[in-house]
Amino acid sequence: MPDILRREDLDFLLNDVFDLEELCRRPFYAEHERADIDAMMDTAERLAEEVFQPFAAKLDANEPTFDGERVHIIPEVPAALETYRQAGFPAMAFPAEIGGMGLPYMAATAIGAWFAAANGPAMGYLSLTGWAANLLATHGSEELKARYLGPMCEGRYFGTMCLSEPQAGSSLGDIRTRAERREDGTFRLFGSKMWISGGEHDMSENIVHFVLARIPGAPPGVKGISLFCVPRILPDGARNDVRLMGLNHKMGNRGTVNTALAFGEKEGAVGWLVGQENHGLACMFVMMNEARVSVGLSAAALAMTGYLHALSYARERLQGRPLTGRDPSAPMIPIIQHADVRRMLLQAKCYAEGGMALCLYAARLIDDLRSGTEEDAAEARRLLEILTPIVKSWPSEFGLRANDNAIQVHGGYGYTRDYPVERMYRDNRLNPIHEGTKGIQGLDLLGRKVPMEGGAPFRALLARMRRTLAEAEGDEALSDIRAAVAEAVDGAERTTAAMLAAAPKAGAEAFTANATIYLDMLGHVTVGWLWLRQALAARRALAAGGAGREAFLRGKIDAARWFCRYELPLTHAWRGMIEGLDRTALDTPPEHL
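Under our numbering, the sequence shown is numbered contiguously, ending at residue 1257.
Any given hint could be a false lead.
Said to hold, decoys possible - Taking lysine to any residue and the SDA-like style, the derived pairs with C-alpha atoms no more than 20 Å apart in a straight line are:
id : residue 1 : residue 2
1  : Lys722    : His736
2  : Lys1169   : Asp1040
3  : Lys887    : Lys930
4  : Lys930    : Glu733
5  : Lys722    : Leu911
6  : Lys1169   : Met1241
7  : Lys930    : Met909
8  : Lys930    : Arg903
Derived by calculation from the structure, the hints in this document are not laboratory data.
Keep in mind the model is a prediction, meaning the values are calculated, not measured.
With the hints as extra help, turn the sequences into a complete structure.
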């Protein structure tokens, strides 16, 4: 039984639910066929199983170290990354004109899921590089792109994002790193950055840092932030004035070196402006938003592999006897035959597979943005605006709960290092914090994205959901699932309208006091809708004969029914709390805590 990912799940989402073949018929992706993508998926699955997964536990137990001069990483990491590079995967989602394969983003996302599940900490270096390369391709000057973009797409140069500072954390308006202008058009940077993943190592020819800083005289707050490209090695081969101050030691994701960096302890770190002055945060959002989708994918992938490990264990572990026949001399039964174990597995399955559907749907929207008609692209942009905080946060929250269930299924073995599920839980626990905490995502969703453009992104999401509800109308086998999703969608619309109507009188603090709960609510409604889409796709496949997948397809319908019966009802209580702009957290004084 597979224990990284299940190929059937990815094929089902790509082909039965989100219609990859339709993407490949578009002129933008016309050079790709499903058979070619299937072959790349085969390669990804093989490399994940044979190269990346075997040293995941070793990397966790032997995190990077710093001896005062060099960072030391176990040799399996650079060897695996070189194998990945030789397979051409770093370039798969980039357009051909910059040396990429031009693969549909949804297919590249599914391929990436194999490595995120097998050994996410090792893959972190190249994931960061991909986000940085997209940022450079979008906002970099022609000179910077000519110098760095090709080597980054090839995986020879690595990239980082340098936002946070020790005193500021997520409050980017309070950063202090300054960038002083020089007559030759470059800048010299002075300051320090914290929590920089991949900030120092010897596994690449260069490390290209993208750094937020202030130019003297810039406006205060986020309106005065600029973005700079600061390579570790300068074009003349000299080492830039960037120094590793130390490593951060984390509870999980230990194999991705996490650093504190000092810029400009001597003459200043040489940097080049990216984009316009004082518009650095807007430029950085290209990288941040891609990172947020990738964090959601990592969380969903970890949830899926944890679920598969628990499923395999439950089928093999003998313990207890049926409640209806408690003969102590009778043979013990596999624990999967106990109802509560199946309950935990069903919940984990719903969270893991629902999260993966959410991430691949977002990836499909990115393809629509790139390759669709002007109307398609405009709608995809709106949908991505409102879905990005959900894609980042929902798998991070509920995928982690799937990993918690995987530990519970293993019982006492679950929290030992004899089994990998405790490591997966620790790795996944970082994702609710990565790339903007869950609370920040809730504020972004409710405070910015819901009211955006007069509510156009929210209405676009509701319209997509109601299109699926119309498609499911009349299918008696799915009537209960459809009814539950319809009630949840209508409820989300009513609650959001009531909150927006009450906001002017209640004030911003009361409106956003329960933004995180709103995030959970709309996330559950969105995943419920995607489970209905999966159930419809399963029904179509079964009607076409099932092609040997009958148990798998019926399992999708069972999971959709579970989610709608056990998870969607939670949204009722959440809506009641947030619709009334409950002030309990807001009104509890700090001294009462």
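Hint check results:
no.: 1; hint: Lys722 / His736; verdict: 14 Å, holds
no.: 2; hint: Lys1169 / Asp1040; verdict: 37 Å, violated
no.: 3; hint: Lys887 / Lys930; verdict: 28 Å, violated
no.: 4; hint: Lys930 / Glu733; verdict: 17 Å, holds
no.: 5; hint: Lys722 / Leu911; verdict: 19 Å, holds
no.: 6; hint: Lys1169 / Met1241; verdict: 18 Å, holds
no.: 7; hint: Lys930 / Met909; verdict: 14 Å, holds
no.: 8; hint: Lys930 / Arg903; verdict: 12 Å, holds
When each numbered hint is compared with the structure, violations occur for hints 2, 3.
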